[in-house]
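Enquirer: The residues making up each chain are set out below.
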Amino acid sequence: MFTISGSPHVHGDENVKKIMYTVVYAMVPAILVSIYFFGLDAARVLLISVMACLFFEWAIQKYLIKGPVTINDGSAVVAGILLAFNIPANIPSWIIIIGALVTIGVAKMSFGGLGKNPFNPALVGRVFMLISFPVQMTSWPVPKALFSSQVTDAITGPTALGILKEGVGAGKTIEQIMADPNMPAYIDRLTGNMTGSLGEMSALALILGGIFMVIRKVIDWQLPVSIIATVFAIAGVFHLIDPTHYIDPTFHLFTGGLMLGAIYMATDMVSSPMNMSGKVFYGVGIGLITIIIRLWGAYPEGISFAILIMNAFTPLINSAFKPKRFGTVAK
Amino acid sequence: MNDILLFTLLTLGLLGTVMAVILYFVAQKFKVIEDPKIDLVEDVLPKANCGGCGFPGCRNFAEVSVKAANETQSLEGLNCPVGGNTVMKEMAAILGLEVEEKEPMIAVIRCNGSKANSPAKVQYDGPASCAFAHNLFSGEGGCQFGCLGLGDCVASCDFDAIHMNPETGLPVVNDKCVACGACVKACPRGIIELRNKGKKDRRIFVSCINKEKGGPAKKNCSVACIGCSKCFQVCPFEAITMENNLAYIDFEKCKLCRKCVEVCPTDAIHELNFPLRKPKPEVTDAAPKERPAKVVAEAAAPKADETSNETKPDNIA
Amino acid sequence: MKSLKTFARGGVHPDENKFSANAAIEALPLPKQLVIPLGQNLGAPPKPLVKKGDIVKVGQLIAKGEAFISANLHSPASGKIAKIDDALDASGYRRQAIFIDVDDDIWEEHIDRSDDIIRAISLSKEEIVARVKECGVVGLGGATFPTHVKLMIPGGKTAEYLVVNGVECEPYLTSDHRLMLEKGEEILIGTKILMKALGVEKAIVGIENNKTDAIQHLKKLAEKYSGIEIQALYVKYPQGGEKQLIKAVLNREVPSGKLPIEVGCVVSNVGTAFAVYEAVQKNKPLIERVVTVTGKAVKKPSNFLVRVGTPVSDLLQAAQGLPENTGKIINGGPMMGKSVSSPDIPVVKGSSGILLLPREESKRPQAMTCIRCSKCTVACPMGLEPFLLAKMSKLELYERAEKDNIMDCMECGSCQFTCPSNLPLLDYLRLGKQRVGHLIRTRK
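Protein chains in written order, with the numbering used here: chain A, 1 to 331; chain B, 1001 to 1317; chain C, 2001 to 2444.
Just so you know, the hints here were simulated from the structure itself, not pulled from any lab data.
Mixed in with the good hints there might be a few duds.
[Unchecked claim] Here are the simulated distance ranges between beta carbons:
#, chain 1, residue 1, chain 2, residue 2, range
1, B, 1029, C, 2259, 50 to 58 Å
2, C, 2369, B, 1244, 43 to 51 Å
3, C, 2365, B, 1027, 58 to 66 Å
4, B, 1004, A, 136, 33 to 41 Å
5, C, 2259, A, 118, 38 to 46 Å
6, C, 2256, A, 118, 30 to 38 Å
7, A, 244, C, 2256, 52 to 60 Å
Bear in mind that the values here come from a model prediction, so they are computed numbers and not experimental data.
Built from N, CA and C at the ideal position, the CB exists for glycine as well.
Whenever a hint applies, use it, and build me the whole structure from the sequences.
Expert: Dropping the structure here:
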């Protein structure tokens, strides 16, 4: 018996699983860096986060929604890894599980599952944990390189951005802030030898992953670049105006979650706009809000809030920025 | 502390009072004057907002009815099929008019091209939309007039009155049907028709709308109407017309005598909710093998859908 | 000799699979019975002039097109009219057709059957259009629009370019490719005839770069014909769509809802140009065409010269049989072709190829939810948003779909091809287009 269906009768080799696992492979360099600097703790956080996300998605789909179970499409794995990247390595396991519940249960499943969430699930989980468990979410462990014989006294310390925010609040000049012994040197900021959450470490590793995703056509380079360029430009303008109170823009590039947010969180397909000009507008918006929070806001790091705020504007951006129809340009 | 409390209460109280007075005057100035009868009529309507009356929503139907009553003193052409005669009587009472009783109607599926009667010759792979499949091809069984079985009618029903029988691949209508006409509009092939429910819920209809000549029609479906005209010849009330190789029974003229059902060679004419006949002593040689197979296929229907009271055609050979 | 061109927006790259590219055109022997459906062109079907029992010759007029947009039908064989009855068409619906019992192969006397190439174009502009109309030539690219109507340019517009479509962007199909290689000069003469009928001085033949032999061959031949330029194009689907082709070769965009004449162009397929040559120079009506039979499991992928009305099962037999695990028979290419329920259907003027897909490739993968990746929007050559239009069609929001230009959709299938979630985008788009089209027609 033959089959009858509408055309086209062939299909390209794109599928959701492939896209999700490309993102996972892109995050492997960053995973390796985090394990290098935080040891088994990082592995614990990653494992628990991914397992919890998979478990909650399976349980909710099977017992609450009573529909098909789609955990092998890889989206829960991506959410799990991204959530892990957003939290410090010394966090208690039970907090991770609560975070995974919010990420999958509240931010993803309650809206209808994959493709229906208006906000980036990992960021919702992270912000929830930040507000509910502020102490545990902001005591950053000092990195101890895996095979080094270095012994440090302090087990926790402030992040580079944290030092900056505190110093500015205390009225210090940039020179004084940079002289703080806890402030990591430039090379350390680049390679990731500084405190922070798992994914905020090596900008290099993150960028490598980003290039991999661009080559595989999973993300568009225009979105991360517009975020980073906006942050750089505005930070640069203020640095030029007042170098004693505004740090140079390269500092902002490699500290905090800017690279992680710009390359992996903002580019989440479901919550970002569809059209290219819409994406650029979205990116500029994220960069703007991030740098405003970083320079003048109460929190030292602003990219999570910036992305969540712009997520809310995505439907509006989609209506405003439509692709150019064929036949509207004369020549 | 007391000062603050006093001050707050006074300020808020004053603000609230001023707002309330402003709102009152605004409401009075911009009041929409409506005929109070509209509210009364709307109250008695079923509020299903199904569109069966032809108007968008029960409120609109109430408005149109009151307007018609005021202007023409009659409710001619206005009918709520869901509420039926009870509701129309209540409406007429409110408006001080008379309304004639209408026969209750029900949706009837005029196709018996089940998986057994019209076996699939191809496999369909695509979205579950009859409208789409209709434009794509003639149907898995090959009959271009037959039911596609993808459920556009089921999706359109607001009253839970029509369900797909998975064994036959055909829809089945149950007692909840209020003849709103949604499924009639949804079916891209025009298979569903609103017909009289009939005395004691009995009705007779031709379960086929195939307009091809007998040969090609029968090739695709064993219970198709072949246009042989035997029913037309035997009907004592001239209720049957033949057009385009297809018989049609006019439900206003049909007196439910069942003579046509007996003579149909392909069992295309169905009779519903009749008592069993006495079994005939002689068995027609025409197609004795066909009937048991068809009875088995129909027997599956009540099991799958308990709310249906469609009984088997009772020519048990 | 210009560098490669293409159109800017959208497009996808399906696997080419041109298995039959090296198979020379073979004439298929006549079958015992021909079934000629009346409706083989866009517009009104012609009215039959013959009745049961009439004896006909090859090339005899058997149905006349009476409406403005209609085309004549000629007998592809000699023999007796068996009946005029309903026959199955590609979609399983039964439509009126003329059945001819074939007897011998006697042609009408006025048709020139020699193989000599006639270069001199002796007919005037009006005579060309009349001859094309008489011979029932329709667009052989698949749309089957009556060619003589296309040649009658509406008042107020002028044609500047004739664009000849040798692109054949659909995977698997090679009939145009072989025609360009084997009848290249006839195609160019046909192009010159069309240029004369339209009153244009310039013609561009667009050919995709996976047919380098055809490009070289035609470039060499075109040196003798002034005004004809051969333009090689990057391989991208759907470059064969007339709007995309005009954008690629001339960088002009046909406005939404309008025809190519708005930007001074008329587009014609190479097969149509060949049919015009045969009609004008040889007085031969359109009674046969080249049909590709192909597929991964086909034993002998071929290009057959087939008389209209031949059953497809005959073509499959000549290609050494229907492969055993065939899951789908497609009339046309894999991107826009129609799947058919059985090979007992006739070849019509618009049949460009028969593709047989194995069972493993015939079932669609499971559809998931839209992940808003916008790949469909990037792939759409018309700049539409397929995910949105398909959703609107599903929710029956037809007025909104109309405002969002659903009628601009050319049903190329690029969106569904590239969707990672395997959503049936084109299915819903087609449904929406039908409903919106109905809405527009009933509005007037």
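Enquirer: Sort out which numbered hints this structure fails and list those numbers smallest first.
Expert: Of the numbered hints given earlier, the structure breaks none, since each of them holds.
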